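In order, the protein sequences belong to chains D and W. Take the first sequence: its letter number 396 is residue 396 in the working numbering, and every next letter is one higher. Take the second sequence: its letter number 186 is residue 186 in the working numbering, and every next letter is one higher.
Hints are computed from structural coordinates only; laboratory data are not their basis. No experiment lies behind these values; they were computed from the predicted model shown. Errors might be hidden in some of the hints.
Stated by the list, open to error - Here are the computed lysine-lysine pairs in the DSS-like style, where the Cα-Cα straight-line distance is at most 27 Å:
| hint | chain 1 | residue 1 | chain 2 | residue 2 |
| --- | --- | --- | --- | --- |
| 1 | D | K442 | D | K519 |
| 2 | W | K181 | D | K321 |
| 3 | D | K19 | W | K154 |
| 4 | W | K142 | D | K442 |
| 5 | D | K519 | D | K571 |
| 6 | D | K257 | W | K250 |
| 7 | W | K181 | D | K248 |
| 8 | W | K181 | D | K257 |
| 9 | D | K519 | D | K495 |
| 10 | W | K172 | W | K3 |
| 11 | W | K3 | D | K370 |
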Amino acid sequence: MEAYILPKAELGNFVAALKKDNEVLGPVAKGDEYVFAPIEDVEALCLDYDTTILPPAKKFIHMPGEVLYEFEGVVEGKTPEKVGKRVLFGVHACDLNGLLSLDKVFLETYPDPYYKARRENTAIVALNCVSPCSDGFCASFNTGPSADIGFDLCLTDLGDRYMVEVGSNKGREMVKGLNAASNEDFIARNRSLRVAQQQITRRIDADNLGVLLHQNYDHPVWREVKEECLACGSCTSVCPTCYCFGVKDYVDLTLEKGERQRFWDSCMFYEFSRVAMDHIFVPDRETRIKQRMYHKLTYYQQQFEAPGCVGCGRCVTTCIKRIDPVEIVAKIQADPKPEKEVKLYTPPEKKVKPELDPWEPQKAVIKSIKQQTPDVRTYTFAFVDPEVQEAYTYDPGVFNMISVFGVGESAISISSCADLKGVFQHTIRAVGNVTNALAELKEGDIVGIRGPFGFGWPVEEMKGKDVLLVAGGIGLAPLRPVIKYIQARRNEYGKFEILYGCRTPEGMLFTDEYDEWRKIPDTRLHLTVDLVPPGCEWGHCIGVVTTLFNKISVDKANTVVLTCGPDIMMKFVVLDLLKRGWSPEQIYVSLERRMSCGIKKCGNCQMGPVFVCQDGPVFRYADIMDLPGGVF
Amino acid sequence: MAKPTIAFFKFSSCAGCQLNVLNLEPVLLDIVGAVDIRYFVMAKRENFEGPYDIGFVEGAVTSPRELMELKKIREECKILVAQGACACHGGIPSVKNFSGMTQREMEEKVYTELWDLKSFPAHGIDYYVKVDAYLKGCPMDKDEFVMLVKSALKGLNPLFRYHSVCNECKLKENNCLVLTKGIPCMGTVTAAGCGAQCPSLGRACEGCRGPASDCNAASLARTFIDLGLSRDDVVRKFRKYAGNTPEFSKGAEAV
């Protein structure tokens with residue numbers, strides 16, 4: 001280990017030297033607590049701080065709020081990134097590890113350019129804890145009290161001097177002129193860190209924690225926590241690994257000019273999962289509490305192979321009720337539910353185009369609009385840039401993020417098949433802000449498109465098998481590409497059967513295409529509606545879509561089922577099929593959740609350990625049926 | 001396209017929310033440029049009859065005359081906005097609902113001439129008519145007002161987020177008043193949107209914006225008892241601005 005000695009009397013000069021080229025951010029007192037702030041005066045630097053209100057790395061690198069884009073009308077311009085060089089000075093090991101966990105979220109698969117710019121321009125001077133804070137339990141996860149990796153420099157307080165370990169070339173530049181550490185210095189360092197380690201008495205037994213929590217999803221302790229929890233969300237604001245954010249468009253009074261901003265969000269908030277028509281996917285507080293706790297203690301590891309909890313103890317310090325993961329886990333361990341075999345979810349391998357700026361929407365023009373029902377339209381788009389359009393391809397069942405600037409962005413599945421060249425289609429019901437704004441647009445208008453994102457229908461695995469589609473209402477839109485796909489490759493698939501249910505005949509989509517679908521060889525189309533209004537002609541079935549199951553003629557043993565519709569419909573489709581002896585391995589569902597990014601970053605679409613946006617939206621039911629808390 | 005017409009009305013309240021509209025100096029002229037203010041007695045000499053596109057109603061409804069007017073206003077306005085704590089939840093006037101006195105006893109306490117006075121318990125306006133949007137707080141937040149006007153002009157749902165004030169307080173890295181000073185702060189159960197103004201100045205949140213979504217008032221009431229508040233004080237905390245709401249009632253009734 002390469003290490004130097006910085007006498008405490010020299011600290012001022014050392015920081016002053018750093019300040020020549022960098023903004024130095026360090027711990028300063030604020031009332032009875034500490035915060036990370038720009039260091040004007042070295043005297044203000046409190047390197048003996050216990051913990052800070054907000055974690056430094058998250059505060060300055062994953063900023064609480066920032067502008068993603070500016071726009072005027074539909075013309076978007078990217079905000080210039082003005083990030084000067086910075087040094088985070090005196091970062092505790094827990095917070096450094098928190099930053100490394102955030103790096104997994106923001107720098108892998110689709111690297112986030114905003115985060116990346118700040119991250120690359122920020123040097124980290126870590127600080128080992130020789131007198132650990134009272135609420136921390138970092139030793140449980142090997143995320144403290146001392147830092148092992150990820151720093152440029154790391155300080156250890158040795159009384160009258162700091163030992164300065166070098167972790168990078170950037171760090172080596174900073175310590176020029178300091179004397180090398182002696183053997184005695186190393187001995188003193190190791191001794192004080194060993195003492196510190198022993199002082200941390202709070203511990204979570206991290207072995208097999210995921211399985212234990214999974215088995216105890218219904219443990220009575222969660223009811224107790226629910227009664228206590230104030231649902232204020234402070235635990236998520238102060239957590240160094242909580243990354244969830246929301247995105248919103250703000251306009252000035254011209255209503256044309258504005259900016260798209262993102263802001264920290266929290267899974268503890270009731271509105272976190274809110275979508276159009278004020279539908280809330282997770283309305284129950286207990287479920288939200290568990291989503292957070294499980295995410296910290298197990299899901300994060302499953303999703304990003306990094307610790308979701310670094311044991312900094314802030315969630316306990318900041319909680320008026322002192323809801324404490326250490327205590328909760330201890331309570332569960334003291335009285336666990338009977339063991340049952342559980343399989344932890346592992347996300348599928350993801351294929352991405354990493355050169356893409358994941359936030360930059362491509363401009364697309366509306367070529368035509370076709371009214372499907374009174375509130376559903378099919379839009380045919382083409383990218384303004386012909387090269388983008390040429391290169392654009394996608395699997396059946398995936399989605400785009402569609403932007404109407406000044407209104408917002410929505411995740412909407414593609415309703416055309418990539419065989420259709422030169423254009424692509426979306427079939428959209430006007431229900432919320434973005435979709436209502438889309439309904440106002442005309443041919444020739446421009447929208448922003450990011451995508452395609454997600455995993456679609458298993459068209460490869462289906463080859464040689466019979467295919468059964470079960471769709472409800474607008475859920476036919478993401479299944480239409482499959483119909484087109486099979487039509488173009490008819491001999492690669494077995495029997496093909498489409499069951500489609502709607503509330504009323506008036507609500508049925510793609511009615512003018514049914515004759516064409518029926519003409520596909522060896523294909524049957526069954527229709528049903530919940531009710532037929534007086535005066536309406538209807539020659540097909542009446543009842544929910546599962547009533548059509550008696551008409552199924554495909555071979556159960558050799559069929560793949562694809563279903564999409566409202567959650568409640570898919571729930572009964574799956575239940576009914578399982579009851580009839582179908583297996584969860586052959587059923588695929590397409591889920592819907594609130595999404596603000598589409599690229600596994602905003603966290604809005606998380607359902608247990610699953611990111612609906614990137615692990616789905618199409619899932620094999622067998623893969624998700626055992627999630628803690630279930631699917632539907 | 002003609003500019004949308006807007007109107008401001010006032011019932012039992014202090015007129016502070018209307019004043020806050022006039023305090024919007026930096027953007028007031030832009031707003032006047034974007035909309036046609038047809039009725040605003042506090043600010044204009046010339047006022048016109050309805051109908052209006054957007055009506056902002058300040059104040060609680062606590063008399064038959066006010067109720068009659070409110071119903072007329074509802075018919076006249078395409079979008080009706082409850083402006084401020086009184087119109088949203090009953091506000092300060094609703095304190096009387098929980099005084100334990102009869103309506104007549106209260107009238108006698110306040111007024112000397114009672115022959116022309118008719119009053120009933122104070123409620124927010126959505127107790128009587130359908131309300132399309134809310135501007136919470138005492139007074140309402142100016143930025144939220146502007147955001148609502150913009151959303152209405154664009155035909156959008158403003159999608160206000162009513163999570164707890166603590167979120168905004170934490171982002172400002174304020175010292176938590178409950179934890180560091182033992183001050184009974186209502187922030188955990190109160191709807192955000194004010195930017196945690198009071199706690200940022202070292203004053204406890206009074207709960208003027210009413211309950212946060214899915215808040216746990218009963219649990220906070222127990223904390224207040226632990227902090228040394230009397231049962232009566234806890235009840236007063238929860239009955240001050242939004243005592244009518246079921247959420248804050250749970251806090252008042254928990255101890």
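Hinted pair W/K181 and D/K248, Cα distance within 27 Å: violated (35 Å)
Given hint D/K257 paired with W/K181 - CA-CA distance at most 27 Å: violated (44 Å)
Restraint check for D/K257 with W/K250, where alpha carbons must lie at most 27 Å apart: violated (44 Å)
Pair hint outcome, D/K519 versus D/K495 [Cα-Cα no greater than 27 Å]: holds (13 Å)
Restraint check for W/K142 with D/K442, where alpha carbons must lie at most 27 Å apart: Cα-Cα ~35 Å, so violated.
Distance restraint between W/K3 and D/K370, which requires alpha-carbon spacing of 27 Å or less: Given pair W/K3, D/K370 is violated - Cα atoms ~31 Å apart, limit 27 Å.
D/K19 paired with W/K154 [C-alpha distance capped at 27 Å]: At roughly 47 Å apart (the allowed maximum being 27 Å), W/K154 and D/K19 break the hint.
27 Å limit on alpha-carbon distance, applied to hinted pair D/K519 and D/K571: violated (31 Å)
Pair hint W/K181 and D/K321, alpha-carbon separation not exceeding 27 Å: Satisfied, since the Cα-Cα distance of roughly 15 Å is no more than 27 Å.
Pair hint D/K442 and D/K519, alpha-carbon separation not exceeding 27 Å: It is violated: about 33 Å lies between the C-alpha atoms, which goes past 27 Å.
Given pair status - W/K3, W/K172, alpha carbons within 27 Å: Violated - the C-alpha atoms of W/K3 and W/K172 are around 38 Å apart, more than 27 Å.
Hint check: violations occur at hints 1, 3, 4, 5, 6, 7, 8, 10 and 11; the rest are consistent with the structure.
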